[in-house]
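4 protein chains.
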Amino acid sequence: MYAVPELKPCHSFSRIAVLTSGGDAPGMNAAVRAVVRTAIARGIDCFGVHRGYSGLVDGDIRPMTSRSVKNIIQRGGTILKSDRCLEFKEQAIRWQAYETLTEMGIEALVVIGGDGSLAGARLFAKETGMPVIGLPGTIDNDIPASDDTIGFDTAVNTALDAIDRIRDTADSHGRVFLVEVMGRNSGHIASEVGIAGGADFVVLPETEVRSDTFQELSTERTRFEEKSALIIVAEGENEQRIHQIAGDLKQQGHEPRICILGHTQRGGSPTGHDRVLASGMGAIAVEFLLAGYGCHMVGVRSGAFFACPLDEIHLAHPESAAEQSFDSLWRLLK
Amino acid sequence: MYAVPELKPCHSFSRIAVLTSGGDAPGMNAAVRAVVRTAIARGIDCFGVHRGYSGLVDGDIRPMTSRSVKNIIQRGGTILKSDRCLEFKEQAIRWQAYETLTEMGIEALVVIGGDGSLAGARLFAKETGMPVIGLPGTIDNDIPASDDTIGFDTAVNTALDAIDRIRDTADSHGRVFLVEVMGRNSGHIASEVGIAGGADFVVLPETEVRSDTFQELSTERTRFEEKSALIIVAEGENEQRIHQIAGDLKQQGHEPRICILGHTQRGGSPTGHDRVLASGMGAIAVEFLLAGYGCHMVGVRSGAFFACPLDEIHLAHPESAAEQSFDSLWRLLK
Amino acid sequence: MYAVPELKPCHSFSRIAVLTSGGDAPGMNAAVRAVVRTAIARGIDCFGVHRGYSGLVDGDIRPMTSRSVKNIIQRGGTILKSDRCLEFKEQAIRWQAYETLTEMGIEALVVIGGDGSLAGARLFAKETGMPVIGLPGTIDNDIPASDDTIGFDTAVNTALDAIDRIRDTADSHGRVFLVEVMGRNSGHIASEVGIAGGADFVVLPETEVRSDTFQELSTERTRFEEKSALIIVAEGENEQRIHQIAGDLKQQGHEPRICILGHTQRGGSPTGHDRVLASGMGAIAVEFLLAGYGCHMVGVRSGAFFACPLDEIHLAHPESAAEQSFDSLWRLLK
Amino acid sequence: MYAVPELKPCHSFSRIAVLTSGGDAPGMNAAVRAVVRTAIARGIDCFGVHRGYSGLVDGDIRPMTSRSVKNIIQRGGTILKSDRCLEFKEQAIRWQAYETLTEMGIEALVVIGGDGSLAGARLFAKETGMPVIGLPGTIDNDIPASDDTIGFDTAVNTALDAIDRIRDTADSHGRVFLVEVMGRNSGHIASEVGIAGGADFVVLPETEVRSDTFQELSTERTRFEEKSALIIVAEGENEQRIHQIAGDLKQQGHEPRICILGHTQRGGSPTGHDRVLASGMGAIAVEFLLAGYGCHMVGVRSGAFFACPLDEIHLAHPESAAEQSFDSLWRLLK
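Residue numbers (full-length UniProt numbering), protein chains in the order written: chain A, 1 to 334; chain B, 1 to 334; chain C, 1 to 334; chain D, 1 to 334.
FYI, nobody ran anything at the bench for these hints, they're computed from the structure.
Misleading hints may appear alongside valid ones.
[What the hints assert, rightly or not] According to the in silico footprint, chain B covers these stretches of chain A (three or more CB under 8 angstroms from chain B): (1) 70–81; (2) 91–102; (3) 255–262.
These numbers were taken from a predicted model, which means no experiment stands behind them.
Think of the CB as a built atom: it goes at the ideal place given N, C-alpha and C, for glycine as much as any other residue.
Put together the whole structure using the sequences plus the hints.
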């Protein structure tokens, strides 16, 4: 459980709204529930915007009660639905959304989503002056300013579950498996899964694969058990990468199998960690609004929640050195 | 629990061996354990052949004790390792294997594997006269004479777990998902998963996909929730099939996503059903040997275990009409 | 997938209702969904009665649509809620329920529940003449006429998951664990879990525990690994039984630990098997009504669904010899 | 992934040993694997002591290789076995253990266990001067100096899985459930599970239960859905506590059900978080030895690993305010 900052409420609100945007992530429902319940506990009416920014544009906004978030903390996906709303990149559309909200008497907004969604939230807050708090909701853990994002822990465990299954076959057949996990620009899932899955190699987006990268792999029939290997490959931007690696391995005498874990990593009941994280972030989002923050994200740093300006979510801080941690651990454990 | 046939022991053996062959299937370890323990209970020494028929050829055969099968009933894969041994298609190699066994004083063999492995078992038994009992160990459930095979129930539940996750995203985004499950010649996993997963469509290997197959799917923005759909596609022999269907759906205005569940379906801890099935089949294999059977598979029909001649494992019996069951249920439930 | 009987529809209905009664069982939602969808496919309006027979008495009955059963096939519990309604044992109350139904134009009823609920269904059908089809929904698998009930497979897998965890500790500490599973009058869960969990002993409700029952258990410090043991105990009618056994074991020099799995066995997402079973039974319930059955349960025998008169659900048929199967397997595998 | 401290190696070792002691915790195997592999990477021979301190006394110590820790990262329990060794409280026995180790040429020890085990490690290091590094391995997370312990995250997720199941029944029947989770002196599991499980009440060891504690719970039949409630109770030191609460609730007109999760919380495959935590701690333990630490525990504080003197493991530091976090979150979310 991350440490919770002490905050002094100095503002008041009658009505706020909450939405989920971009790719869904396990724990989004727990976050929505926390926003709604904390708002109610603070005497604020809370509304749910459906389908992300699209619902702001369409006015698909409905009142939420304690009851409407009952029994959702354990569910994957998002009861508010989500969407990638390209229109919201236009300033005119953002003003239209602002009008929809103000017409309904809504004075502040909580946005749960990844970096694209938070970028939209930042523009909206800056231009319209409406207070907005963002929550990092993305399985990729690719918001540099925050050590943790809603959904990451669940995605890692889902990928691991698949990898534990694949290892059964790899070991039984003395075979090399290439397993692609999510992470287009980010190797966080691959790193965590690589260590936790006891992988033999991890190929991050920035890893340079060379002809001798996998030379330790045995192809000898007589060393059956050492023949099996698990290679974790981050999705990266090049869709063909895993197939190229497979091709290289074939040339070296292996019979690699490819598994692309894909969208299964997005769904499922959130882990305890993600439920507590999302619940904490949702509650703190409302507290941040009451404390006068209005263009910030709830982030995690050095084991504590903190208010990160939406302008700075792309700035990593040097102490939260997940990459270095991976490098130093990996060297020792392999 | 399937009914167990009454059998009269009329033979005796000093030593038997057991092997796992072909693709691994969850429950193989439970079957090996049952063969070993039943053999010991009947006063027979039991040996484990490593890496399937390859181990017969190489002489990679080791004595098994009650202890060597302790704590494996819940493990996926196979502690005996497995292999697809192409050499075993040659008669000379089969005779070589026979000699290896007889030199070690082994008088009978239990083979756990799919149809290819059982075909090898049949030839070996016919040619050499050594008693062989086969167990259907394959996640595909594609042995026509038997209603059930070791690993099928686990594979269905593993695929379902993935599908339950995918549905979270499909529902949250109003999106069409195409999910490929295993089954090259067999639609059993796809049928079971289609019904149990509440799928909207199931494409079996034999299904003819036409231009109007998916016409019920809504593309209207206003009917967001009805836009989501799950389409289960059996692997089939044409690797491009799922991509072709995705192409068709794109032309019709959908944005389908593809998930290929792949090898994750092979591994993992077996379900209770598969452990009981495998334990029963393993025990009965030894009982069949003692009762004088010698070129048979332990099959399941009408809720009971039975001895199926290895010559007849490709003959479906009309009562076990899984296909008809699927067709009639699917029509009603969709 | 069980074989589906061929049925000729000879009746028609405008409106039917469905309810869940007694202890909840995983798969009840899948069964409700199948009843509703099949009714709709057959042009019948379907109503959901809330809280079992209590809702019949109170008139808590609501129309169901295809949409109201969307996305429930994978959920544990019952969306219709359940209750043990003692009042329904009175004839006057049953007639009151009949009037409620006929006032709403409802012509037939599907009841999903255990033996108490099915006994109520039988009386209701006999007295009022309204056609009623029962579905065996109970984790205990204690309806003698049927080889399988909705929820049993899930409960077995849930118990096994707990037992696999407990074995980790038992093995690590060389310790004896007594694990109580559900089953007041029925040893089905205990038998299945005992075999699938690789237990050392299984105490069924009818097992006579004697002073020498557990004498094989080693207490020697030097045989650390053989000291660990798993003993599965069916709940039975005597709540103190497991504590008495623990007391006996203490006197023999063991330090047994007790785990009572309890209500966790009731809930959770149903397995693929239970979803397919429940979907099949729900669909067939409607087909049975249309074929003129009106005081029957959908049962499973010899691998096929069949219509079992509600008068005969307590009669076991000799072929479905789960008990004998357990006895003969257990002797060989232990 | 916690930040890894930079360390300068200034010592060297030829042989070290590792043991697991006290109650087993998921992730102990991952920690053992990391100690062994890091030692090998640093050119040190590593030995495994079986059955905790008992194995030190008995001399049950075996060489470990990269191979002997293959395929264990995902397994619950401990391959080294564990024991609570009361003898080790005697100084003479600790000197005997020291002699056993020095005779084998072992120069340092890594101890994985809870506070009792770490207290033994501290005495051993102080008295004999042999360098010892402790790892906090306990599901209870009750080492005040460290924010996290090996096994805690897994135990929380296991308890949550059970609670998600129980909620299905609680909701279906409108019933109150009391669920006891582990934690004799510590409410960490109960707090985390209470928030993540969406519980209605959490009773920590220090919570004072009064006559009006549960007065919000409805007993009205007409408010069926609000009747259900989940109350999480930490085990505490008073075994009867949960039964007393159940008695109170009965007097107030409820029909509470009791579930005691017990030992199932100890076992099972560790989560990704616990595998990474344990792998990191295991690797760093060896690095700490090489950097000259010799009476320390690897702890976690403010998102980073640190060297905590074994003398200070009972001192909480004010920033890691899990209790305050729980209190402030709980007030808002309930």
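Can you confirm whether chain B covers the stretch 255–262 of chain A, using C-beta to C-beta distances below 8 angstroms and requiring at least three such residues? As far as the stretch 255–262 of chain A goes, the hint holds, because 6 residues have Cβ atoms under 8 angstroms from chain B.
With a Cβ-Cβ cutoff of 8 angstroms, does the stretch 91–102 of chain A contain at least three residues near chain B? violated (count 0)
Given coverage of the stretch 70–81 of chain A by chain B, tested with a Cβ cutoff of 8 angstroms and a minimum of 3 residues: That given contact holds, which follows from 5 residues of the stretch 70–81 of chain A lying within Cβ reach (below 8 angstroms) of chain B.
Consistency with the previously given hints fails for number 2 only.
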